[in-house]
Each structure stands twice: as C-alpha cells, then as structure tokens.
Amino acid sequence: KNEVEQSPQNLTAQEGEFITINCSYSVGISALHWLQQHPGGGIVSLFMLSSGKKKHGRLIATINIQEKHSSLHITASHPRDSAVYICAVSPDSWGKLQFGAGTQVVVTP
Amino acid sequence: GAVVSQHPSRVICKSGTSVKIECRSLDFQATTMFWYRQFPKQSLMLMATSNEGSKATYEQGVEKDKFLINHASLTLSTLTVTSAHPEDSSFYICSARDQGGEQFFGPGTRLTVL
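In order, the protein sequence lines correspond to chains A and X. Residue numbering for the first sequence is 4 to 112, as defined by this note's numbering. Residue numbering for the second sequence is 139 to 252, as defined by this note's numbering.
Hints in this document: simulated from the structure, not taken from any laboratory. Note that this is a predicted model, so its numbers are computed, not measured. Any given hint could be a false lead.
Said to hold, decoys possible - Quick list of in silico lysine-lysine cross-link-like pairs, DSS-like style, CA-CA up to 30 Å: (1) K179/X x K204/X; (2) K158/X x K193/X; (3) K152/X x K193/X; (4) K158/X x K71/A; (5) K204/X x K152/X; (6) K99/A x K193/X; (7) K193/X x K204/X; (8) K56/A x K152/X; (9) K57/A x K71/A; (10) K99/A x K204/X; (11) K56/A x K71/A; (12) K99/A x K56/A; (13) K58/A x K204/X; (14) K57/A x K179/X; (15) K202/X x K152/X; (16) K56/A x K202/X; (17) K179/X x K71/A; (18) K152/X x K179/X; (19) K71/A x K99/A; (20) K202/X x K158/X; (21) K71/A x K58/A; (22) K158/X x K179/X; (23) K99/A x K57/A; (24) K202/X x K179/X.
Claimed, not checked - Per the computed footprint, the stretches of chain X lying under chain A, defined by three or more beta-carbons under 8 Å from a beta-carbon of chain A, are: (25) 213 to 220; (26) 245 to 252.
Glycine included, every Cβ here is placed at the ideal spot set by N, Cα and C.
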C-alpha cells in the first residue's frame, strides 16, 4: 500500500472551473511538496508546505498535519494547467521524497 | 526560482555502452542531489541520494555498480548507466536540494537503449 494516496486519479474540467486535488499520507513528515509534471516530462516544484496554507497566483495549497491531509486547489482553471500533479512527502529532514501516483488534470477550452 | 539543468535531454545508445547524465544546480549550491527514474505512466522512483564529497546512498534494489553516481562539487552530480540494456530505457530525473530544504527538479533525460 502506497503511503501517499492521491485522489482523484484523473480529472477533467472546463476552463474557468475550480479544481481540487487531494493527498493523504500515513507517515510522519517534515514537509509536503506539490509538483507539476507536463507532458514533456519536466517537473516544477509548486509548493513545499509544513503547515497552514500557501498561495501562488491561481494555485492554493493547504495542509492539515493532524489529519495527514493536503489539498491543491486551482482557481479559474485554464487549458495550460493541464498536467500531472504529484504530491510528495519528506518523512525526514534529509529530503528523500515519497511520491503519490499523481493526478492527471485535463482542462478543456 | 532556482534552476537545475540536465544534460543530455535525450540519448539513444546501443546495448552494452555506458551513458553519463549530468545534473547541475545553476544558481545555488546543493549539498544533496537525488536521482529518480520514471517509467511510462508511473510515478517517480528514487534511485539514490547523492551527497557532495561522499558516496551515494542507493535505494534497495538499485545496483550501485550499474548506476554510478559522482557528486564532485556542490553544483554537479553525474549518473553513469554502465553497460546499458534495453530494460534501462527510462526517463531519468535529478533534483537538487537547497539550504532551505526545497527541491528543484531537472528537466529530465530520456534514455533509449537499442
């Protein structure tokens, strides 16, 4: 059983819709990361969280340490947001990451 | 944000040859770099942790003699796939960790072994 579970596995939204991706984990962590992977393969680090909430442009990430749960929200989604979004956790302070399976997001015009 | 480069971005080689992939942190010093492999439609799998000036730490099941890692400086780590075989064909990605603990990923190297 993967220690990092993401849902949904796939998501299709129309342009402008609000998107939420969820991540649950079962281990103690020092930080949680949200990553974006485009079809070409390159990965962009969106957020690193250890508590609370962070916002960057149309993206918002929240984490609840007690419930071992994080969410990534995309407001006013756009076709260029189409990508795989990956949740990853750092169980220790050394930086090793454990990855969720990813959520394939497709935003249609 | 911080930039990590990888070279080459794509390589095709014959079975039995060795391939070297470079990972560089361009605007920060990275004491720790990580090497990942990703098969199609699958998540990233950590292969090894590379610390500057010391031997790499390999994950279980990853052959250290096949995947040679050298972290010669605070901005460069290399992964050499020795005696490559078709089953080594994959997407190899590195990441570099800055002093704040944030990780920045390279663009990846697609290796195809014929």
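Inset, instruction - Hint by hint, work out which the structure violates, then give me just those numbers in ascending order. - result: Violated hints (numbers, rising): 4, 8, 13, 16, 25; every other hint is consistent with the structure.
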